[in-house]
Amino acid sequence: MNRLKLATVWLGGCSGCHMSLLDLDEWLIDLAAHVELVYSPIADQKTFPEGVDLTLVEGAIANDEHLELIQDVRERSRMVVALGDCAVTGNVTALRNPLGEARSILQQVYIEHGDPRGVLPSTPGIVPILLDQVIPIHMIIPVDLFLAGCPPSGPRIRAVLEALLAGTPPELAGGFG
Amino acid sequence: MAARTLTINGTLISARSNETVLEAAREAGISIPTLCHLDGLSEVGACRLCLVEIAGSPKLQPACHTTVTEGMEVQTDTPRLKAHRRAIVELLFAERNHICAVCVASGHCELQQLAVEVGMSHVRYEYLSPDCSVDISHARFGIDHNRCVLCTRCVRACDEVEGVHTWDIAGRGTNARLITDLNVPWGEATSCTSCGKCLLACPTGAIFSRGSTVAELERDASRIATIVAARNERW
Amino acid sequence: MMEFQDLQIMAEQERTRRKAIRIHCCTSSGCQASGALELFHQLQAAVEAAGQNERVDIIGVGCMGFCGQGPMVSVEADGVLFEHVRPEQAPEIIASLDGGPCNVKQGDHAHPFFARQMHIVRRNGGVIDPERIEEYIAVGGYQALYHVLHEMSPAEVIDAITRSGLRGRGGAGYPTGLKWATVAKSPGERKFVICNGDEGDPGAFMDRSILESDPHLILEGMSIAAYAVGADQGYLYVRGEYPLAIARLQKAIAQARKHDLLGSQIFDTSFNFRVDIRVGAGAFVCGEETALIASIEGRRGQPRPRPPYPAEHGLWGYPTLINNVETFGNIAPIITNGADWYAGIGTERSKGTKVFALTGKVRNTGLIEVPMGMTIREIVEELGGGTPDGTPVKGVQTGGPSGGCIPEALFDTPVDYESLAEVGSIMGSGGMVVMDATTNMVEIARFYMEFCMDESCGKCIPCRTGTVQMYRLLSKISAGQATAADLATLEQLCHLLRETSLCGLGQSAPNPVQSTLRYFREEYERLLRKRVTINLTSR
Ligand SMILES: Cc1cc2nc3c(=O)[nH]c(=O)nc-3n(C[C@H](O)[C@H](O)[C@H](O)COP(=O)(O)O)c2cc1C
Ligand code: SF4
Ligand code: SF4
Ligand code: SF4
Ligand code: SF4
Ligand code: FES
Ligand code: FES
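Chains as they are written, first to last, in my numbering: chain A, 5 to 181; chain B, -16 to 218; chain C, 256 to 794.
It cannot be assumed that every hint is accurate.
Stated by the list, open to error - Restraint ranges, calculated between C-beta atoms of paired labels, are given here:
no.	chain 1	residue 1	chain 2	residue 2	range
1	A	Trp31	B	Arg(-1)	32 to 42 Å
2	C	Thr788	A	Pro128	50 to 60 Å
3	B	Ser195	C	Ala536	38 to 48 Å
4	B	Ala(-15)	C	Tyr429	51 to 61 Å
5	A	Gly171	B	Lys65	18 to 28 Å
6	B	Lys65	C	Thr591	47 to 57 Å
7	B	Ser40	A	Gln49	51 to 61 Å
8	B	Lys65	A	Gly122	45 to 55 Å
9	C	Tyr429	A	Glu72	54 to 64 Å
No wet-lab data here; the hints were simulated from the structure. By construction, the Cβ of each residue, glycine as well, lies at the ideal position given by its N, Cα and C atoms.
Using the sequences and the accompanying hints, generate a full structural model.
Written out as structure tokens, the structure reads:
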């Protein structure tokens, strides 16, 4: 049988949305009969592959690495789902937004509330560069489906996946928080 | 009181002559989203969520502020109205910092509920992320301006029901902020009787009871001993 | 007690005490800003020095309209007009009365800027001393009020105003007679008349100029209105940024009271009318009638939903007539000259004249009063004299933040309420900004949106926060960082604000955007880019 190619992506989020997915326990085994997990924080794949059918994205866009990855995700996925409030609204990851631009936040965290004689971390190419504002993924790429919740419960994720596998429009009951 | 017959979404209904379209609709089991309206308070027609189409009127009219007339034909749920309502709720979410996941009101918030009702899957506008303050100077209550939607329900409840007028609004446009007395911290607002009516009126997590937020959960460890004692003594 | 004879006697006395030569020196705000007060004193000193006291009078007058050329001085009898007069040139001007050499720049009354105007509301501007009621009476002032109180019933007054075809000059063009009739027939123990002098449009100064130049004209118009609708109390709402207008109105009210032209039993009739000034803090939204009423009542200046309209439920819940300054300025002339005379001026549905503040990239700037129906081309090219440096004209903006931009191709549009609305703008209160080929239309739209955002009262959600989103989108487009999707969002927001905002501010805030999109869309599209970009800034 030709299994659908599924990817899950972890951007600026707490991994809670992935935990919620893992909460589906033995249903994941049923799922595996229908999909092939081609990219995920819980799989060992370094680059985002081509020809993905469905990608679930957890987390907001918070740094330059996210910005780059999300473009690849869009270009290489037939369908992109924003999974959880961070991906949909910025949510907890965006709590820093009112505090100002990235530089001033680093200053507050590492110097003012940290070590007054310390330095701002700077390791180009290793630690990604923070964006001034955390933004939801649909501000950068077109998103096909929004599944709110912090995190969305396992059963809600399951309902959406089942609908998508069956080719029917998913029921997105439930809201933010 | 004379009766009026009108149609709402094509259904013939009758209403008392002094009723608003909102009241008539609700009695007929037709729901119209509202936010600034609260039963018992005066109407300000500010949130624009209850706008309806009335045949013959070029402008949309707020159901909460429009009296029924004989033969009126009202539409409450057209695609145009739905689109406007969704946009208005989105604008509110983008205006301040609504992080439901860490909000005291999550699960019993009218704004959160409205988002579901109007089908707001996401917000198309730029989040303004303003720097808002939280005032916990009052002994029993707090106000988190991050969650305030400026509906003025607290202002009216305090003024019209408690008869005090501790609350008002200062500033203009998106910089408008609720203030207590002449812009002093709530705890120093001498007019406040601590009646809690604003808390009851607030649709969101803006006005909250002290002790209900995650960070300041107040414990009473002595209750454990009480419980154990109660068990042991079979109270 | 003032009688008709007393009016005539005062007028006669005033005329006989006039000296042979009257020199008018504009002392209104525009010319004061370029040193007119000093000039006024120097002119008086020069008359003194030349021993011409018996023959020459220096009169501080209201605005002559050519404010861009101020300070302005004119010599009444021979119609000589001096522009950009410097105080040290005063002796030269006095000497020139007797044929002395004079190098002061002279204006030309035959210039289309003056010749094509038609003065009804501004007829006393630059001609009388606004601080002396005697001068107003000498030109026939308060006779219309007398006529109305003694020879017309309120219904007849309303009928005359209705037949004249006068429409509100505050922006929307609502038929004035119809509004008066509604107030007159609304039941109420008391009624009020309010004159709206809030004038908040950026660049507009028509009402300020009228109030500064001819305050009694407005008081007389309000009195006639009060008689017609049955009011006994009036309020003049003027923004605090107009100190000279306020001072002159205070003076005018005191003088009118002294001569029993305001107060009890005016002209020996049972008509009582008192007028008080209320000074606004200068919020644009306080020009909106329900916000203005809230402000007079001492509450936060915010609009409320209409209906009920102020005509039925206004100040403190009583029926209230609220009209614009210029609207009131037309009343006495209509009574004096008759409704038919007025109805004979202008177009089919827009009667009379309109005062505009002509500004921007145009040679002759200032206040103009022209008959309705004059084309934009005539105003810009003939009165305005085209652009100063000959750069082609691109368009005009009328109606301020609630109005729109009209491209040069449509300059043959006549200025009347319907025609301007048809091309996507509004008459508004009378701002007219000329733009040349170098003007960036996206920036124009952004400027007005910023104004609306700053002036939104914050009561209703679409305007309060929609204007912020629109301003940000326009800034993004302007900076070349927006996509076609952003432009689509902007257009949806235009739609939202127009249809759902509570008051006219939010409802018309999209006008500058929509009109520039309608005529200059390519200027927006040129700035769009294909992909979303996020700046990795602040590093
Ligand atoms: C935001 C806003 C500002 C306004 N500002 C003014 C103003 O400055 N002066 C004015 O006469 N009318 C203004 N208006 C119009 C008034 O609400 C009202 O229609 C007008 O004063 C009626 O007078 P009229 O019938 O003589 O035009 C404004 C309306 C809005 C919505
Ligand atoms: S939505 Fe909630 S659970 Fe999911 S990543 Fe964000 S914070 Fe974690
Ligand atoms: S006030 Fe309501 S919408 Fe806002 S964060 Fe709290 S729960 Fe969410
Ligand atoms: S505090 Fe609550 S009730 Fe008061 S204006 Fe804000 S949201 Fe409305
Ligand atoms: S449209 Fe704007 S100015 Fe008018 S009531 Fe709404 S927020 Fe206030
Ligand atoms: S509920 Fe009617 S306008 Fe807010
Ligand atoms: S102010 Fe002097 S001419 Fe207008």
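Which numbered hints does this structure break?
The structure breaks hints 1, 2 and 4; every other hint is satisfied.
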